[in-house]
Amino acid sequence: MTEMSRSAALPRQPVETERVRRPHEERAAWRLVAPAAMLIILILALPMAAVVALSLTDYQLGAEAWRFVGAANYADLAADPVFWRSIVNTVVYVVEVVAGSTALGLATALMLQGSSILAPVWRTVFFLPVMASLIAMAIVWEFMLHPTFGLVNGMLGLVGIAPVNWLQNSATALPALAVIGIWQQFGFAMVLFLAGLSGIPQALYDAAEMDGAPSAWSRFRLVTWPLLAPVTLFVVVISTIRSFQVFDTVHALTKGGPNKATEVLLYTMYAEGFEFFRTGRAAAIAVLFVAAMLVLTLTKVVVVEKRIHLK
Amino acid sequence: MRSQHETPPMHAKLSLSVLTLGLTLAGGPVLAQSPTEIVVQYPYGDVFNETHRRIAEAFAAEHPDIKVTFRAPYKDYEDATQRILREAMTGTGPDVTFQALNRVRALADKKVAVPLDDFVAAEKNFDAEGFHQAMFDAGSIGGKIYGVPFAVSLPVAYFNLDLVKLAGGDPAALPTTWDGVISLAAKIEGVKPGIHGMVAEWPISGNWLFQALVFDNGGTMMNGDETRVAFDGEAGRKAIGTLARMVTETKTPNISGNDMRTAFAAGQVGVLLTTTAYVNTLTKQIGDRFTMKTSPFPGLVPGVSRLPAGGNVMMITATDPAKRKAAWGLVKFWTGAQGGAIMVENTGYMAPNKKAADRLADFYARNPNQFTAVAQLPYLTNWYAFPGANGLKITDVIKDRLQSVMDGSRTSEADAVLTDMASDVQALLPAKN
Numbered sequence: 001m002t003e004m005s006r007s008a009a010l011p012r013q014p015v016e017t018e019r020v021r022r023p024h025e026e027r028a029a030w031r032l033v034a035p036a037a038m039l040i041i042l043i044l045a046l047p048m049a050a051v052v053a054l055s056l057t058d059y060q061l062g063a064e065a066w067r068f069v070g071a072a073n074y075a076d077l078a079a080d081p082v083f084w085r086s087i088v089n090t091v092v093y094v095v096e097v098v099a100g101s102t103a104l105g106l107a108t109a110l111m112l113q114g115s116s117i118l119a120p121v122w123r124t125v126f127f128l129p130v131m132a133s134l135i136a137m138a139i140v141w142e143f144m145l146h147p148t149f150g151l152v153n154g155m156l157g158l159v160g161i162a163p164v165n166w167l168q169n170s171a172t173a174l175p176a177l178a179v180i181g182i183w184q185q186f187g188f189a190m191v192l193f194l195a196g197l198s199g200i201p202q203a204l205y206d207a208a209e210m211d212g213a214p215s216a217w218s219r220f221r222l223v224t225w226p227l228l229a230p231v232t233l234f235v236v237v238i239s240t241i242r243s244f245q246v247f248d249t250v251h252a253l254t255k256g257g258p259n260k261a262t263e264v265l266l267y268t269m270y271a272e273g274f275e276f277f278r279t280g281r282a283a284a285i286a287v288l289f290v291a292a293m294l295v296l297t298l299t300k301v302v303v304v305e306k307r308i309h310l311k
Numbered sequence: 001m002r003s004q005h006e007t008p009p010m011h012a013k014l015s016l017s018v019l020t021l022g023l024t025l026a027g028g029p030v031l032a033q034s035p036t037e038i039v040v041q042y043p044y045g046d047v048f049n050e051t052h053r054r055i056a057e058a059f060a061a062e063h064p065d066i067k068v069t070f071r072a073p074y075k076d077y078e079d080a081t082q083r084i085l086r087e088a089m090t091g092t093g094p095d096v097t098f099q100a101l102n103r104v105r106a107l108a109d110k111k112v113a114v115p116l117d118d119f120v121a122a123e124k125n126f127d128a129e130g131f132h133q134a135m136f137d138a139g140s141i142g143g144k145i146y147g148v149p150f151a152v153s154l155p156v157a158y159f160n161l162d163l164v165k166l167a168g169g170d171p172a173a174l175p176t177t178w179d180g181v182i183s184l185a186a187k188i189e190g191v192k193p194g195i196h197g198m199v200a201e202w203p204i205s206g207n208w209l210f211q212a213l214v215f216d217n218g219g220t221m222m223n224g225d226e227t228r229v230a231f232d233g234e235a236g237r238k239a240i241g242t243l244a245r246m247v248t249e250t251k252t253p254n255i256s257g258n259d260m261r262t263a264f265a266a267g268q269v270g271v272l273l274t275t276t277a278y279v280n281t282l283t284k285q286i287g288d289r290f291t292m293k294t295s296p297f298p299g300l301v302p303g304v305s306r307l308p309a310g311g312n313v314m315m316i317t318a319t320d321p322a323k324r325k326a327a328w329g330l331v332k333f334w335t336g337a338q339g340g341a342i343m344v345e346n347t348g349y350m351a352p353n354k355k356a357a358d359r360l361a362d363f364y365a366r367n368p369n370q371f372t373a374v375a376q377l378p379y380l381t382n383w384y385a386f387p388g389a390n391g392l393k394i395t396d397v398i399k400d401r402l403q404s405v406m407d408g409s410r411t412s413e414a415d416a417v418l419t420d421m422a423s424d425v426q427a428l429l430p431a432k433n
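So the protein lines, in turn, are chains A and B. Going left to right, the first sequence walks through residues 1 to 311 as the numbering used here numbers them. Going left to right, the second sequence walks through residues 1 to 433 as the numbering used here numbers them.
Take these hints with a grain of salt, some might be off.
What the hints assert, rightly or not - For lysine-lysine, the following DSS-like pairs were computed, each having C-alpha atoms within a straight-line distance of at most 30 Å:
| hint | chain 1 | residue 1 | chain 2 | residue 2 |
| --- | --- | --- | --- | --- |
| 1 | B | Lys238 | A | Lys260 |
| 2 | B | Lys293 | A | Lys260 |
| 3 | B | Lys355 | B | Lys325 |
| 4 | B | Lys165 | B | Lys238 |
Stated by the list, open to error - So the derived list for chain A, only partly shown, Cβ under 7 Å to chain B, looks like this:
| hint | residue |
| --- | --- |
| 5 | Thr57 |
| 6 | Gln60 |
| 7 | Gly62 |
| 8 | Trp66 |
| 9 | Val164 |
| 10 | Gln168 |
| 11 | Pro258 |
| 12 | Phe276 |
In short, the hints are calculated from the structure, not lab data. Beta carbons are placed, not taken as given, at the ideal position from N, Cα and C, and that holds for glycine.
For reference, chain A alone in the conformation it holds in the complex (with noise of 0.2 Å):
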């Protein structure tokens, strides 16, 4: 992640050293390269490749036989209602999460910009989620949300709102889930932005200014946005894979439940892997999730190069 990080604020050095190449540093090349390259194929290459074989297989934890069967849990997956749901479950935290975290985000990073003395405190109050542990801090929402004792009913109860039992009801857990998961992620978002922030000249503000932009909204719509952009590209690219990752909130809360309204992807992933250990289909899910996660980085670098060539 830092690397890409690094790749989207830094605006990429020029590369014009276009040497000969002689044999013998061709070959020093390759030794150099070839410890990571081995790793890359040990830790990364090998292990995918044994999932998709996995994937095309009636394999289950422990069993002592598997058969060839192609594609038949990719089919068995695409007639599954419970993965549909979780697709479009997940997908819907997704857009949840990256839209509530960028704004959020966003917000507090233009509140905390420059001046008051406490802004570092704040900074670090909002960027503690982010380093927290999300299943510790999943349970201590799961107090928060307890339908008869929880803080959260409570103070819904002072204004006279009815308790809900939030991770309970299926219209409830998973925009309770979304919550906890801007919550998690918007310190990261905010961040990024004040970094993002702290690189606008100040000149350009006050061009602004004199050219007849007097309002802050002006400004942070001719100015600040549109610089903005490239940061704004990078965060969203980054929360919508970490969101696409949820799991420690699925598992210590909601199980899935109630009734799969929680289901997502990486939790279906376990639950076939690890609960009905049914590890072709998990495998399977493997793939699919790899795919996708493999389409949006590209998206990212692609879209973000464009930008780069275009300064």
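Add chain B to chain A, keeping to what the hints say.
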């Protein structure tokens, strides 16, 4: 670990430390006079640590030739099954493992567990030691014994006597029929603001309580040769109908099992139906807030009803014959009178062994709430596990279907839900040739 275990002696001679290590791991056959080491792993350390430590102490006194070593406990039943399956593949499993009673099938199918029939057949006076057929049935698959139950739980009813009195019921004559319990619960419902009549912990382990309801009505989950779903018959209709009645007649809230128990302990629920394993925990949580009494699971009819045994079972996973023999010694001791008695005194479970109950006469006299489940032992049968590759997925399907009855969305058409559930499950069963 295993690499040393399989190191041929020639290599082991290379160094003294490797030799010692190799012998400790390989045990018996190499050095016959040294004690055989049996490695044991069990779930739920916070519940069972003390129990296993004490039983191991008692065992060591009687069997100095066997050394018992515990591995760090499994987190829970799911973890236990995953770990044993993975370790079976790499050959690094323990010699004795404690697994949930409903996982016996998966482990038997995958040949992880050793059949114990020869050991059982070779025992004389096994009846006199308190072992009985129902105990072995609970750990049997396809007529073979793969595990002996160690800690067993059965579903029971917990009553809040204060609320029973408040609603005009008689605490001395608690209802034992479904009609009786439901009508009492309907009276308790709303007797004070925020009071619920009854809750049944139906989500527990997916379909355990539903099985209890089906078996209670004399039904089974599948037909005799396990080709067709059988829970869609008369008994199943009564079972799901009972759940629907809880929603319509007693307005049972749609909350998680954990919340049900918390609410009961807080004195907000009249009747709680769940496993007897919680008797100790609930007793402690309730303190003197109100009087709690356990009562038999409603609707039991002698000769017709059965109840699924929850809890865990001891299985032998050792590959070496000498180790298997030593491991059988452990199984006998742990599930025998002494082991059972120690377990009961330290947990909320029951010991299925009849002689253990004898030793516990005093204990049960002091803790009558724990005796309710013991009185239900004649109804004990196995926690049914569905056959085939989708066995555990089926549990999940049943749970989701039940959810639609319990959350009110399809309560009025419980029979239709049962039909859907039966066709879903039938589709996931292995095709018979």
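Hint check, failures only = 2, 5, 8 and 9
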